[in-house]
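**Student:** Going down the list, the sequences are from chains X and Y. Using my numbering, the first residue of the first sequence is number 1, and each one after it goes up by one. Using my numbering, the first residue of the second sequence is number 1, and each one after it goes up by one.
Subject to a maximum C-alpha distance of 30 Å in a straight line, what follows is the list of computed DSS-like cross-link-like pairs (lysine-lysine):
1) Y:512 with Y:494
2) Y:318 with X:40
3) Y:99 with X:25
4) Y:549 with Y:498
5) Y:99 with X:40
6) Y:226 with Y:264
7) Y:512 with Y:498
8) X:6 with X:40
9) Y:549 with Y:495
If we take Cβ atoms under 7 Å as the criterion, some of the chain X residues that face chain Y in the derived model are:
10) 7
11) 9
12) 14
13) 15
14) 16
15) 20
16) 21
17) 23
18) 29
19) 44
I should point out that these hints are in silico values taken from the structure, not numbers from a laboratory. The model shown is predicted, which means the values in this text are computed figures rather than measured ones. The C-beta atom is built at its ideal place from N, Cα and C for all residues, glycine as well.
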Amino acid sequence: MNSDGKDLRTIIPDLREIPLAELAKLGGSPLAQSITLYRKRLQDQRVPRNSFQAGT
Amino acid sequence: MITEHRLPWAEFESLAAGAGGLDAIGSLRNGQRSLHTMLLHMISRLATGADPEAAAFRDGWELLGRLQLEGAHDWLLDLPHLGGWAHYGLAGIEDGNVKGLSHFAVMAAAAAIRSGTPFELGVPVRDGRVVLPGLGFLEVTTDSRWIRLRCDGDTVNVGGHFEADRRLLVPDDGSGPPVPHWSGTPLVRAVADGLTWQVLLEAEYPYLDYRLPPMPAQWAAGALEKWRKRIQLAWEVLIRHHSWAAVPMANAVSVVVPLVAERKNDRISATSPAAFGAIATSWPPDPVIMAETMVHEFQHVKLGALMSLIPLTEPSDKLEYAPWRLDPRPADALLHGIYAHLGIALFWGAQQEIETDPDDILRARVQYARWRSVIEPTTRALMQAGCLTEDGRRFADRLCVRAAELTAVPVPGTALSMAAEAALDHRLTWQLRHQAIDVGATADLASAYRRGEPGPGPELPRSWTDRRDVRPVEAGLRSRLLAMRYLTPGRYRKKVEKADHADGLLLAGKSKKAIRAYRDRIISSLDPQPAAWIGLALALNQVPDEPFKNIFATQLALIFDIHGHLGSEDGLRDPIHLARWLT
Numbered sequence: 001m002n003s004d005g006k007d008l009r010t011i012i013p014d015l016r017e018i019p020l021a022e023l024a025k026l027g028g029s030p031l032a033q034s035i036t037l038y039r040k041r042l043q044d045q046r047v048p049r050n051s052f053q054a055g056t
Numbered sequence: 001m002i003t004e005h006r007l008p009w010a011e012f013e014s015l016a017a018g019a020g021g022l023d024a025i026g027s028l029r030n031g032q033r034s035l036h037t038m039l040l041h042m043i044s045r046l047a048t049g050a051d052p053e054a055a056a057f058r059d060g061w062e063l064l065g066r067l068q069l070e071g072a073h074d075w076l077l078d079l080p081h082l083g084g085w086a087h088y089g090l091a092g093i094e095d096g097n098v099k100g101l102s103h104f105a106v107m108a109a110a111a112a113i114r115s116g117t118p119f120e121l122g123v124p125v126r127d128g129r130v131v132l133p134g135l136g137f138l139e140v141t142t143d144s145r146w147i148r149l150r151c152d153g154d155t156v157n158v159g160g161h162f163e164a165d166r167r168l169l170v171p172d173d174g175s176g177p178p179v180p181h182w183s184g185t186p187l188v189r190a191v192a193d194g195l196t197w198q199v200l201l202e203a204e205y206p207y208l209d210y211r212l213p214p215m216p217a218q219w220a221a222g223a224l225e226k227w228r229k230r231i232q233l234a235w236e237v238l239i240r241h242h243s244w245a246a247v248p249m250a251n252a253v254s255v256v257v258p259l260v261a262e263r264k265n266d267r268i269s270a271t272s273p274a275a276f277g278a279i280a281t282s283w284p285p286d287p288v289i290m291a292e293t294m295v296h297e298f299q300h301v302k303l304g305a306l307m308s309l310i311p312l313t314e315p316s317d318k319l320e321y322a323p324w325r326l327d328p329r330p331a332d333a334l335l336h337g338i339y340a341h342l343g344i345a346l347f348w349g350a351q352q353e354i355e356t357d358p359d360d361i362l363r364a365r366v367q368y369a370r371w372r373s374v375i376e377p378t379t380r381a382l383m384q385a386g387c388l389t390e391d392g393r394r395f396a397d398r399l400c401v402r403a404a405e406l407t408a409v410p411v412p413g414t415a416l417s418m419a420a421e422a423a424l425d426h427r428l429t430w431q432l433r434h435q436a437i438d439v440g441a442t443a444d445l446a447s448a449y450r451r452g453e454p455g456p457g458p459e460l461p462r463s464w465t466d467r468r469d470v471r472p473v474e475a476g477l478r479s480r481l482l483a484m485r486y487l488t489p490g491r492y493r494k495k496v497e498k499a500d501h502a503d504g505l506l507l508a509g510k511s512k513k514a515i516r517a518y519r520d521r522i523i524s525s526l527d528p529q530p531a532a533w534i535g536l537a538l539a540l541n542q543v544p545d546e547p548f549k550n551i552f553a554t555q556l557a558l559i560f561d562i563h564g565h566l567g568s569e570d571g572l573r574d575p576i577h578l579a580r581w582l583t
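Model the full structure from these sequences, guided by the hints.
**Tutor:** Put into C-alpha cells, the structure is as follows:
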C-alpha cells in the first residue's frame, strides 16, 4: 500500500484471463483507453534503447 | 469487466530501493504479458487486408488463441523476442507497412511446437531458414518465400520436404547429438551453489539488435564455448556475492545478445524496454565485469518494465547532466541512468569486501565511491526539473534514501579522491561542451574586465543546456588515464608516461607545479585550450583551501568564454586573475 493506503494503479489492463477472441469485443472498454494512452506514449517517447559504452 | 494491473506498494518501494524480489519480478512479468497481448491485439485490428503478410499474422493470432485455451501461451508472451518484434510490427503497420507481420506466424508456431499443440500454418522462409524464435531454426531447400509447417502434436512436417520430432526442436545446450535440418539457439545452463540460470545466446535475431552491431551470423571457432564459460563464471560471482540481484535476474533474464565493440578496449551493453528479459553486451573482459554488466543492465530491464506499467516521467524537452554520459539526457533516460548506477554502486559495494588483489580492491572501492555519490544529486536535479509524475517523485524519494545509506559507508580517502577527480573531470568536460552562455553578456563582462571595472558579483550571464557541442573539447588521454588509474591500474602504469607535462604533474599529485604548467599554457596560447582549462580546475581542486577551486569547478565555461573575448594582451590573459575578478 502506498502513502494513500492503496496499491499503485497501472496503465495496463489485466488481460491475462481474457480469451484473445474476446478482445475485439471490448472496443469501448478500459482496453481502448489503454491502447490510446500507450500509442501516445510510443509517439512521444518511441521505444528508447538504454545503451552503455565504456572505453579506456 | 477489465481492471488494470496493480502493483503492491511494498514491491514498488523495493524496486525503487534498487532491488525488487521475486514477487516484484512476477508483477512486472504479469504486466508485460498483458502489454504484449495488448500490442498483438492492436496489430490484429490493423492486419486486415489480403496481403500474405497480414494473413500469416492472423493465422498466428488464431493459433495463439488456441494455445491460450490450452494454457500454453505464456512462454511466448514471456519471450523477449515477442516484445522486441511487436513494437516494430505495430510501428510498421501504423505507417501502413505490413512487411514483417508474418514473423508472428513463426512465433506462434514455435510456441505450438514447444507445447505439442497440433497446427498447420504458412510461414515465411528467410535465407533458407524458418526461424522458430526462442528455439532455433530449420534449414530448408526451397526457392519459395513461404512454406507450410504442419504439426500433429508429435511430428513437424516442413513443407513436405522432411519431418522432425518436435521434441528435438529445442535450444542447443551443447549436450545433445546433431538433429538433421535443425540448429538450436545456443543455450547456457549456468549452475552455482545449486542455483541455475538458463539463458539463450541470441546472436542474430533481427528484432533484438538494439541498432548496435551484433555478432557475426556465424560463431567463430571456440567463441560459443568462451561465452558459455564466461557466463558460468559470472553467474558464480553473482550468486555468491550479489544474490539480491542474481536470483530475480535469473528469473527474468532469458536472453543474452552478444555484441561486438568497435574497438578492442571498448565495452558496450544495451537493453530495450520493448524486450523484457533480454540483455545485450559485448565480450566482457573478465567474469566480474560481466557480472557487473548483468546487474547494471538488469536495472534497466526492471525499470523499463515498471515504467511501461506506471509512468514515472512526464514528456519533456528538458535536458540534464548525467554524470556517466557526455551528452545531455532527457528525464526518462536520466532516471534509467540513475537507477542503473544505483545497481552498479550496490555491486561494487559488495565487491570491495571480497576482492583480494590490490588492483581489484582499488577498482571496487573507487567504482563504489564514484557511483554512489552521483545518485542523490542527480535524482534531486531531476526532481527540481519538474519532469517526474507523482509516482515518479515517490520513486525518486526512495532512491535518495537508498543513496544516502550507501554514502554513509566509509571508503578509504585515496579511493574517494580518485573518484571525485574522475567525476570532476567528467563534469567539467560536459560543462564546456554543453553549457551555453549568452555571448553578448560574456563580451560585456570581458570589456568590463579590460577596463578594470569591479567584478559582476552574484549576477552572472544567463546559461542553458545545449544538446550540441558548444565548445570543441574532447575527453582526451587525461580523462582516459583518470579512469584507467582505478579501472585497469596495470594498464595505467604503462600508459601514464604518455601523458603530457602538465597532465603528468597532475596525475602525480604535484598540484602547484601542475597549476603553473596549465596556467602557462593558457597564457601563452592564442588558441582556445579547453583541456588545459579543465586540467587547471582539477589541479586547483587538489590543493586544500585553494580560494579559486570553487569558481573553477562551477563556472569554468563562463571564465573560458570571457577569456576568449580578451584577445592577446599579455596582462589580461592570466586565468587565475580573471577568476579572482569574477569571485
